[in-house]
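**Q** Note that the protein sequences, when read in sequence, are chains A and B.
In terms of the working numbering, the first sequence is residues -18 to 302.
In terms of the working numbering, the second sequence is residues -18 to 302.
Mixed in with the good hints, there may be bad ones.
Stated by the list, open to error - Here are the simulated EDC-like pairs of lysine to aspartate or glutamate, each with C-alpha atoms no more than 16 Å apart in a straight line:
| no. | chain 1 | residue 1 | chain 2 | residue 2 |
| --- | --- | --- | --- | --- |
| 1 | A | 71 | A | 110 |
| 2 | A | 237 | B | 232 |
| 3 | A | 71 | A | 108 |
| 4 | A | 277 | A | 298 |
| 5 | A | 50 | A | 75 |
| 6 | B | 240 | A | 232 |
| 7 | B | 69 | B | 51 |
| 8 | A | 237 | A | 280 |
| 9 | A | 240 | B | 232 |
| 10 | A | 163 | A | 75 |
| 11 | B | 237 | A | 232 |
| 12 | A | 289 | A | 269 |
In case anyone wonders, no lab produced these hints; they're calculated from the structure.
Protein chains: 2
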Amino acid sequence: MKFKSTAIAHPNIAFVKYWGKKDENLRIPLNNSISMNLGNLWTKTTVEFNDFDEDVVTINKNVAEGTAKERVIKHLDRFRNLSGIELKAKVVSENNFPMSSGIASSASGFAALTMSCANALKLNLSEKELSILARLGSGSACRSIPNGFTEWLTGTCNDDSYAVSLAPAEHFEIYDLIIIVKKEKKEISSTTGMQKFNPYFYARLAEVNENLNFVRKGIIERNLKTLGTYAEKDCISMHTTMMNSGLFYWEPETLKIMKEVWNLRKNGIECYFTIDAGPNVHILCLKDNKAEIREKIGELNFEILESKPGGKTMVIEESLF
Amino acid sequence: MKFKSTAIAHPNIAFVKYWGKKDENLRIPLNNSISMNLGNLWTKTTVEFNDFDEDVVTINKNVAEGTAKERVIKHLDRFRNLSGIELKAKVVSENNFPMSSGIASSASGFAALTMSCANALKLNLSEKELSILARLGSGSACRSIPNGFTEWLTGTCNDDSYAVSLAPAEHFEIYDLIIIVKKEKKEISSTTGMQKFNPYFYARLAEVNENLNFVRKGIIERNLKTLGTYAEKDCISMHTTMMNSGLFYWEPETLKIMKEVWNLRKNGIECYFTIDAGPNVHILCLKDNKAEIREKIGELNFEILESKPGGKTMVIEESLF
Chain A
-18 MKFKSTAIAH PNIAFVKYWG KKDENLRIPL NNSISMNLGN LWTKTTVEFN
32 DFDEDVVTIN KNVAEGTAKE RVIKHLDRFR NLSGIELKAK VVSENNFPMS
82 SGIASSASGF AALTMSCANA LKLNLSEKEL SILARLGSGS ACRSIPNGFT
132 EWLTGTCNDD SYAVSLAPAE HFEIYDLIII VKKEKKEISS TTGMQKFNPY
182 FYARLAEVNE NLNFVRKGII ERNLKTLGTY AEKDCISMHT TMMNSGLFYW
232 EPETLKIMKE VWNLRKNGIE CYFTIDAGPN VHILCLKDNK AEIREKIGEL
282 NFEILESKPG GKTMVIEESL F
Chain B
-18 MKFKSTAIAH PNIAFVKYWG KKDENLRIPL NNSISMNLGN LWTKTTVEFN
32 DFDEDVVTIN KNVAEGTAKE RVIKHLDRFR NLSGIELKAK VVSENNFPMS
82 SGIASSASGF AALTMSCANA LKLNLSEKEL SILARLGSGS ACRSIPNGFT
132 EWLTGTCNDD SYAVSLAPAE HFEIYDLIII VKKEKKEISS TTGMQKFNPY
182 FYARLAEVNE NLNFVRKGII ERNLKTLGTY AEKDCISMHT TMMNSGLFYW
232 EPETLKIMKE VWNLRKNGIE CYFTIDAGPN VHILCLKDNK AEIREKIGEL
282 NFEILESKPG GKTMVIEESL F
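Let's have the full structure, built from the sequences with the hints guiding it.
**A** Written out as structure tokens, the structure reads:
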């Protein structure tokens, strides 16, 4: 019996953000969130359970140690518990996107790990079950499991906090231009940052349902204006909430690009920004405006990555190797 | 009988901000605010009620028209009503600080106008009555009436919304270094901006009393750390509340200076920032650190204005002219 499998998963960019948890250990968020898988970016993970002496985890050709390794082993344990198979594992994971993208590899990493473990151990899991398991590894990983545009339903306990697909990748051809502001690693991880609670959280929660409704509507109706307006609003809401906890992810260049987006829009070029817990800016646009936006932002001397919507987390047939 | 008088008033910088009103017409704010008069900056206003054909208002050697003129005439009417003297007036007002400072001249302007009108018309008004009248002209003008460090008590009606002195100018020798980011006039006046209500106001109100308590304590105990820490917190609270109404007063350079202040502090140079409804940054510091801060900020190529605490609004003896 061979317990080996390889899976590919995409990172995702949230249009309505995940910030603040109801349950720290189970990673159950305060509010639903909506994201798009980034099709041009991926993590490929191979896991093999075998007669090894210990678990070995290799990420981007480096052997993982410390917290990073422990977090993966904790995830392997979840699958050993589910399957009853007590073998140690070898995990090899690679991203096709650079650290400088500011794109957290934990979402695609834990989505790919979840899928490869489930398939290697012949567990017959539903998409919902996979999403729940991915969430336990890294919250936003649950959103990378289903196809295209997905919504993480906050839920109330372990069994009902997972993501569903709102629309497949091919439903709406929008582009995410990722403007690289800073190549260094951010100083504060979002997990630490999220634990600082403040009264602005309540203000955020008071309007997040409106943001969710309109972003969902924008996706379903293929309306970038609706989607983008509320994604931008939600981004400002999250970042200002963080600032009131003393967390400043914006750099002067971040603000410069935000203002350039408003400027482009004023000049009739439709685009909207969103920003994760880092300084890089994601500009959302349609195909027709992509070249012009790249040119204008390029003039400001920023490096740009590009992605269109991506599919669900998938097993890659071993015969291909 | 000669109805002529000249008064001098200082603008002020708020450590705990005024944002949002309970009563739009009476300019009664949602929360108390605390500020310091800026002694090196002033507005000098001469008013003469006489047998003129009409009210003429000259500000910085230009004859005022439109809204600016109407606002002054409305204020003159308040004094004509109080005194029963129906004469038209000539108002001549001058500031010693440039528009580029981003310092609103409305606070010092209406404080000086209030004092000169009251004195010209021989009204025997208390400081409280003067502060109430100044408030009707321009909200924050009420804080420029008393001496030094002042607190505007929000109150519930016209008669109990006014400012008092917490400590005189000479009580605490701190400096405000005004870093000029942008010389152009801001696009949105703060009066317009303030009317956009949002749920983040409630979050701000939930913590503003703490900010007021500590800033007051910092002033009384001459403790810059206490004052500055909460002034900075309150500044972020106001600006993030505004951002959630779509009002962005920060420029990339604003953020650059904020980060430089944190950097200076990390290196043991004590200073704190606050920012009004504009892009310029006010750096608060003690005398001993002033030169070093000016040097560091100067290296970034910004122009700097400087002020220490200022006294109350005062009549200048006519014999001096």
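**Q** With reference to the structure, classify each hint as holding or not holding.
**A** Cross-check of the supplied hints:
1. Simply put, residue 71/A and residue 110/A have alpha-carbon atoms about 23 Å apart, too far for the 16 Å limit, and the pair is violated.
2. Distance hint between residue 237/A and residue 232/B is fulfilled; the C-alpha atoms sit about 8 Å from each other, no more than 16 Å.
3. For the hint linking residue 71/A to residue 108/A, the alpha-carbon distance of about 24 Å lies beyond 16 Å, and the restraint is violated.
4. A C-alpha spacing of about 42 Å is found between residue 277/A and residue 298/A, which places the hinted pair above 16 Å, so the restraint is violated.
5. A hinted pair counts as satisfied when its Cα atoms are at most 16 Å apart, and residue 50/A with residue 75/A qualifies at roughly 15 Å.
6. Taking the CA atoms of residue 240/B and residue 232/A, the gap is about 9 Å. The hint holds against a cut of 16 Å.
7. For a cut-off of 16 Å, the pair hint linking residue 69/B to residue 51/B stands: about 14 Å separates their Cα positions.
8. A distance of roughly 13 Å separates the Cα atoms of residue 237/A and residue 280/A; the hinted pair therefore holds under the 16 Å criterion.
9. At roughly 9 Å between alpha-carbon atoms, residue 240/A and residue 232/B fall within 16 Å of each other, so this suggested pair holds.
10. About 22 Å separates the Cα atoms of residue 163/A and residue 75/A, which puts this hinted pair outside 16 Å; it is violated.
11. With a C-alpha separation of about 8 Å, the suggested pairing of residue 237/B with residue 232/A holds against the 16 Å cut-off.
12. Under the criterion of a C-alpha separation no larger than 16 Å, the hint pairing residue 289/A with residue 269/A is consistent with the structure, at around 13 Å.
Going through the hint list in order, the structure does not satisfy hints 1, 3, 4 and 10.
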